[in-house]
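Peer 1: As a plain string of letters, each chain reads:
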Amino acid sequence: MVQEQAAAAGANDAAPPAKDAEQQQPKPFSVKEGMQGIITLLEKAVKTKETRLLMGRLMRQTAMVRKHMTASDLVAFINTYLPKDSNSAGFLKGYVMQDGDTAPMEDDATAAGDAGDGADAGSALGPSQLPEVELYMYLLLLVNLLDRKQFAQAREVADTAVGLLQQHNRRTLDAIGARIYFYYSWAYECTGALADVRSTLMAAHCTAGLRHDAVGQETLLNLLLRNYLAYNLYDQAEKFRSKAQKADTWRVPGQYCRYLYYLGTIRAIQLEYTEAKEVLQQASRKAPTCAHGFRVACNKWLILVRLLLGEVPERVEFSAPGMRTPLAPYFELTCAVRSGDLAQFRVVSEKFAAAFRADRTTNLITRLQYNVIRTGLRRINLAYSRISLKDVAEKLALPSAVDAEYICAKAIRDGGIDAVLDHAGGFLATRELTDLYSTNEPQVGCTVRSVKPQSPLQSAAGPCKGVCSRHGCYT
Amino acid sequence: MSLLKEAQQLLDKLKTAHKKNDWPAGKAVLGQLRIKLIQLPAVPPNTGFSSPTAQQELLLARDVYEHAVLLALKSQDEAALESSFTQLKTFYADTRSLLPAAPQEWMFAGLDLLRLLVANRIAEFHTELELIPAEGMTVPHVVSAVQLEQWLMEGAYNKVLAAGKSLPPECSFAVEQLSATVREEIASCAEASYSSLKLADAQVLMMMTSKKELEQFAEQVQ
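Protein chains in written order, with the numbering used here: chain A, 1 to 475; chain B, 1 to 222.
Since the hints were derived computationally from the structure, they do not count as laboratory data. Among the hints, erroneous ones may be present.
Claimed, not checked - Below, simulated DSSO-like cross-link-like pairs (lysine-lysine); rule was C-alpha separation at most 30 Å, straight line:
(1) A:49 to A:246
(2) A:67 to A:47
(3) A:390 to B:165
(4) A:149 to A:84
(5) B:89 to B:74
(6) B:89 to A:390
(7) B:89 to A:239
(8) A:286 to A:351
(9) A:395 to B:198
(10) A:390 to A:277
(11) A:93 to A:149
(12) A:395 to A:351
(13) A:239 to A:286
(14) B:89 to A:243
(15) A:390 to B:198
(16) A:49 to A:67
(17) A:44 to A:84
(18) B:211 to B:165
What the hints assert, rightly or not - Where chain B lies over chain A, by a calculated footprint (3+ residues, C-beta under 8 Å):
(19) 368–374
(20) 412–425
This structure is a prediction, so every number in the text was calculated from the model and none was measured. Even glycine gets a Cβ: it sits at the ideal position worked out from N, Cα and C.
Next comes chain A alone, as it looks inside the complex:
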C-alpha cells in the first residue's frame, strides 16, 4: 500500500494534473495505480494458487479504490482489463453509462487516454482472461452502484454476477465470490425483498460446504442468519445454526464477530441470558475499532441482557465516545430498573417505544418488568425491618396488597429477598440474621459436598464414603 502511494506520487509529479481530481490530498491516491496493483495481485495469486493473500490484501485495496472511484474510471478499467469482446464487458459498461455521470463521448476519450497512460506507466497489464478479474469487475460495479444508492440496478448486476459465479469452481475465486454474495444479499435487503434470496443463499451454502470453501461458508452462514433474524424467525435461525457445518477456527474475523452477535441475539430471545452475555461481550471485544455501528448494536443487546440477569451496567459504558446518543434510551431504562420504580419504567418504555421497536428489543424490555419489581422489593427489604403489605403495594405501584403478598412470596422463594411474610398481620418482615453456626446449615453443606458418587479410584482404595472437600476429613 505504501509502495503504491509512493509510486503514485512519483508518477503524478510528472503527469499532467488534469485528470486526477484528488490533487488536494498531500499524497494523491491514483485510482489507476490502485487498480493496477489489484490486478497484479489477482494474477499473481492465481498463478501461485495462493488463496490466503486474497481476502485481506484484496479487500483493503478495494476499500481504498472504492472511495475515489468515478464512473469514467470504471469504464477505463473495464476497457483495459477485460477482453474487448466479452459479454461481461458490454453488460457492465451498459450499467455504468446508464447513470449518466459523464457523457459517453467523454468516456471514450478519457478511456483511450487512460489506456495509453496505463501502458506508459510501465506495467504492461492488458486484458485478462481470468474469471477472477471478470468477477472482480462485477464486484466493483456492484459496490459503486450500492454506494450511489441505486439499489434496483445493483440487484440486477448482482443477479448476473451470482449466475456467473455459480459456473466456476475455483478456490481463488472464493474471496471475491463471498463478497459478491454479501453485496447480493445487501442489494435485496435495501429493496426490501430479502426473503426471495433465501433459497439461493441456502444452495450456495451447501455448495460451499461441499467444496471446502471456508470463506464462502462463513459469509453465507452469516447472511442466512441475518435473513432469518430480519423476519424474526428465531426458531428457524437456531435450527439452521445448530445443524450448519462450521469450521473450528474462523478465517475471517469480521464474520466471526457477526456470527457471535447473531448467536447472542438468538440466545437472549430464548431466555439463555448467561450464554448471551458471554457471546455478546466477545463480539463487542473482537470487533475492529472502525465498526462503530456494530458495537453500538452489540452494546444495546448487552445492556438489556445484563439488566435481565440482575446486574446493572456501569455509567461509564453509556458515555463512551460516540455511544451517548444511541444508548440514551437504554440509559434511562437502566436508571428506572436500578431504582426499582415501576411507574418510571413504564413511562420510559412508552417514551422510547419507537426506538425500541426499531431495535427489535420491545419484547425483551417487557420482560424487564419483573426485574424492576424485584429490585424495588430488595430495596424495601433492606430499608425496612417490617413493612405492611399495603405500603409495599403503594411503593411498588402494584394494584393491591393481595398482589403484593403473592409477589413477595414468590420473591422469597426464588431467593431474591431474605424475609418472612405474616398473613394475619399483613406485613413483610426481614429475616433476622442469626448466627449461622448455631443452626444445621454447615452440617448440611458438608454432607452435600462429601457424599459424592464414588470414582473408580476411590472405590478401589477401600470402603470410604467420601472426602469432605472443604476440610479434607473423611466421612
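Following the hints, position chain B against chain A.
Peer 2: Coordinates of chain B only, in the frame set by chain A:
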C-alpha cells in the same frame, strides 16, 4: 370442480362434528379431507400449479386446518394439537402473499402461545411471540396469553386464577391445567415465606372454595 365440491362436503361434515364435540368422527373426516387437499392443485406444497379455482381451494384448506386445530383443542389430544398447530402456522406463512389476511390468524397465534405457556415451554413461547406483529398484539387471545405469562413470572397468582374465569371460550383447555400449576406454585412459595399459616388463610390464598379441597390438595402434593 367436483374435487372441490367433494372437499366442501367433507368440510361441512367436519364442522358439524366440531359443533357436536365428536372427536373420533371428526378425526376420520379429517383424514379423508387431508387426502383431498393433497389432490387439489393450488394448495401448498403444490404451489407450482395454477388453477382457476385457486382462491377457493386455498380458503378451503385454511378452513380445514383451522377446524383441525379447534377440534384438537376440544379433545385435548396433545400430539394432534402439536401437529395441527404446526400445519396451520406453516400454511399461514406460505399463503401470506396468496390470500387476503385473515383476522383469525392472530387468534390462533394467541391460542398457540397459551398452549406453550401451559406446557411450560417458555423459550418457545417467546420465540413465537417475536413472530407476532403489532396488529396481532391487540387481539384478545394474544393479549391474555402475554399478560398471563407476565403475571406468572412476577408471581401475581391471584390475577392468573381470576383471569382463568374470564378467558375466551376457546381457551377453556388451558384453565384447568393453569389452575393446577398455579396452586402448586402458591404452595411452594407459601412454604418458603410463611413461618406459620392458618388453614383458613391458606384456603383464601389458594383461592379454594372449601376446606375439603385444601385437604385433598395437601394430600396430593405429599
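Peer 1: Can the restraint linking residue 286 of chain A and residue 351 of chain A be considered satisfied, given a maximum Cα separation of 30 Å?
Peer 2: 33 Å, violated
Peer 1: Examine the stretch 368–374 of chain A for residues whose CB is less than 8 Å from any CB of chain B, and state whether their number is three or more.
Peer 2: holds (count 3)
Peer 1: Between residue 89 of chain B and residue 239 of chain A, does the CA-CA distance stay at or below 30 Å?
Peer 2: Judged against 30 Å, a Cα distance of about 17 Å means the pair holds.
Peer 1: Is residue 390 of chain A within 30 Å of residue 277 of chain A, Cα to Cα?
Peer 2: 37 Å, violated
Peer 1: Keeping to a limit of 30 Å between CA atoms, is the pair of residue 390 of chain A and residue 198 of chain B held or broken?
Peer 2: 20 Å, holds
Peer 1: Holds or violated: residue 89 of chain B with residue 74 of chain B, Cα cutoff 30 Å?
Peer 2: Holds: residue 89 of chain B and residue 74 of chain B sit about 19 Å apart, inside 30 Å.
Peer 1: Need the status of pair residue 49 of chain A, residue 67 of chain A: alpha-carbon distance at most 30 Å?
Peer 2: 29 Å, holds
Peer 1: Straight-line Cα separation of residue 390 of chain A and residue 165 of chain B no greater than 30 Å?
Peer 2: Holds: residue 390 of chain A and residue 165 of chain B sit about 26 Å apart, inside 30 Å.
Peer 1: Residue 211 of chain B and residue 165 of chain B were given as a pair; does the straight-line alpha-carbon distance stay at or below 30 Å?
Peer 2: Holds, at about 21 Å.
Peer 1: Is residue 49 of chain A within 30 Å of residue 246 of chain A, Cα to Cα?
Peer 2: 24 Å, holds
Peer 1: For the pair supplied as a hint, residue 93 of chain A and residue 149 of chain A, is the alpha-carbon distance within the 30 Å limit?
Peer 2: 18 Å, holds
Peer 1: Hinted pair, alpha-carbon criterion (30 Å max): residue 89 of chain B, residue 390 of chain A. Please report holds or violated.
Peer 2: 45 Å, violated
Consistency with the previously given hints fails for numbers 6, 8, 10, ordered from lowest to highest.
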